[in-house]
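Student: What follows is each chain in one-letter form.
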Amino acid sequence: GDSVTQTEGQVALSEEDFLTIHCNYSASGYPALFWYVQYPGEGPQFLFRASRDKEKGSSRGFEATYDKGTTSFHLRKASVQESDSAVYYCALGEGQGGRALIFGTGTTVSVSP
Amino acid sequence: GPKVLQIPSHQIIDMGQMVTLNCDPVSNHLYFYWYKQILGQQMEFLVNFYNGKVMEKSKLFKDQFSVERPDGSYFTLKIQPTALEDSAVYFCASRRDRADTQYFGPGTRLLVL
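Chains as they are written, first to last, in the working numbering: chain L, 1 to 113; chain V, 114 to 226.
Since the hints were derived computationally from the structure, they do not count as laboratory data.
Errors might be hidden in some of the hints.
[Stated by the list, open to error] Far from chain V by the CB rule (all over 10 angstroms, computed), these chain L residues:
no. : residue
1   : S14
2   : L19
3   : S28
4   : G41
5   : G43
6   : D53
7   : K54
8   : F62
9   : D67
10  : T71
11  : H74
12  : G104
[Said to hold, decoys possible] Pulled a few chain L residues facing chain V out of the computed Cβ check, cut under 8 angstroms:
no. : residue
13  : L13
14  : E42
15  : F46
16  : A100
17  : T105
[As the list claims (entries may be wrong)] Which stretches of chain V does chain L cover? Using the computed rule of at least three CB atoms under 8 angstroms from a CB of chain L, they are:
no. : stretch
18  : 159-173
19  : 214-220
None of these values were measured; they are calculated from a predicted model.
Where a beta carbon is used, it is the ideal one built from N, C-alpha and C, also for glycine.
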């Protein structure tokens, strides 16, 4: 079945460091890809999405580019802040259907001042 | 962004009892979802609901689970009877249409003793 793999379980950074979280997917066809962020005690918040090859999604300084060739959707931010500390989830959705999201295992990002 | 509310935020019950988790979705949304997240693990899809019917369910959606949304009120997840392995955080999500993004509530933390 379809799946999402996030390589990093935990990432520790200092403010102004560059962040990369690797996300690879396995799915047939052209799934939509998403990044969500979850803060303690809250539900996942939508960051952005991309629906076709080479499309770039971005929000709040985070960005990721849909790459069908490498089946990847890596999250990047050039300069992190302490407020970016959270759990980040890559997710896959089956196009425009009313289907469920398939989440990766999540990456806990800790940014120290 | 759009707000999904969940009631209660926490629930502690004895194994074998019935529990109902309530979700107040965004007012013009038509698709509704429940996800389950066991502590430290990824979020997993349980069920989605549209036009008064279950559209899709996962293998986690046991016979003891049921969902409904009577007359546009709360979207509910009922577990009867509960089991120890039902202890988790349950997230509700909703979306306006098939092209929209899913918006999540803050979760209900269920502990079955």
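Student: It remains to establish, for every hint, whether it holds in the given structure.
Tutor: Cross-check of the supplied hints:
1. In this structure L:S14 is separated from chain V by more than 10 angstroms, as the shortest Cβ-Cβ distance comes to about 25 angstroms.
2. Residue placement check: L:L19 keeps its beta carbon more than 10 angstroms from all beta carbons of chain V (closest about 20 angstroms).
3. Once the 10 angstroms rule is applied to beta carbons, L:S28 is consistent with being away from chain V; the minimum gap is 17 angstroms.
4. Not every Cβ of chain V is farther than 10 angstroms from the Cβ of L:G41; the closest lies at roughly 7 angstroms, contradicting the non-interface assignment.
5. Once the 10 angstroms rule is applied to beta carbons, L:G43 is inconsistent with being away from chain V; the minimum gap is 4 angstroms.
6. Annotated as non-interface, L:D53 keeps its C-beta farther than 10 angstroms from every C-beta of chain V; the closest such distance is 18 angstroms.
7. Distance check for L:K54 against chain V: the nearest CB is about 20 angstroms away, which clears 10 angstroms, and the non-interface claim stands.
8. A cut-off of 10 angstroms between C-beta atoms confirms that L:F62 is not in contact with chain V; the least separation is 15 angstroms.
9. A cut-off of 10 angstroms between C-beta atoms confirms that L:D67 is not in contact with chain V; the least separation is 21 angstroms.
10. Every CB of chain V is more than 10 angstroms from the CB of L:T71 (nearest about 18 angstroms), matching its label as outside the interface.
11. The claim that L:H74 is not at the interface with chain V holds, since no C-beta of that chain comes within 10 angstroms of its own (minimum 18 angstroms).
12. With a minimum CB-CB distance of about 7 angstroms to chain V, L:G104 fails to clear the 10 angstroms threshold, and the non-interface call is violated.
13. Against a cut-off of 8 angstroms between C-beta atoms, the interface hint on L:L13 is violated, since the closest Cβ of chain V lies about 21 angstroms away.
14. With a cut of 8 angstroms, the hint placing L:E42 at the interface with chain V holds, because the nearest CB-to-CB distance is about 5 angstroms.
15. Interface restraint check for L:F46: the shortest CB-CB distance to chain V comes to about 5 angstroms, inside 8 angstroms, so the restraint holds.
16. The restraint placing L:A100 at the interface with chain V holds, with a minimum CB-CB distance near 4 angstroms, inside the 8 angstroms limit.
17. For L:T105, the shortest C-beta to C-beta distance to chain V is roughly 5 angstroms, which falls under 8 angstroms, so the interface hint holds.
18. Only when three residues or more bring their CB closer than 8 angstroms to a CB of chain L does the claim for the stretch 159-173 of chain V stand; here the count is 5, and the claim holds.
19. Under the rule that three or more residues need a Cβ within less than 8 angstroms of chain L, the assignment of the stretch 214-220 of chain V holds, with 7 such residues.
Hint violations for this structure: numbers 4, 5, 12, 13, all remaining hints satisfied.
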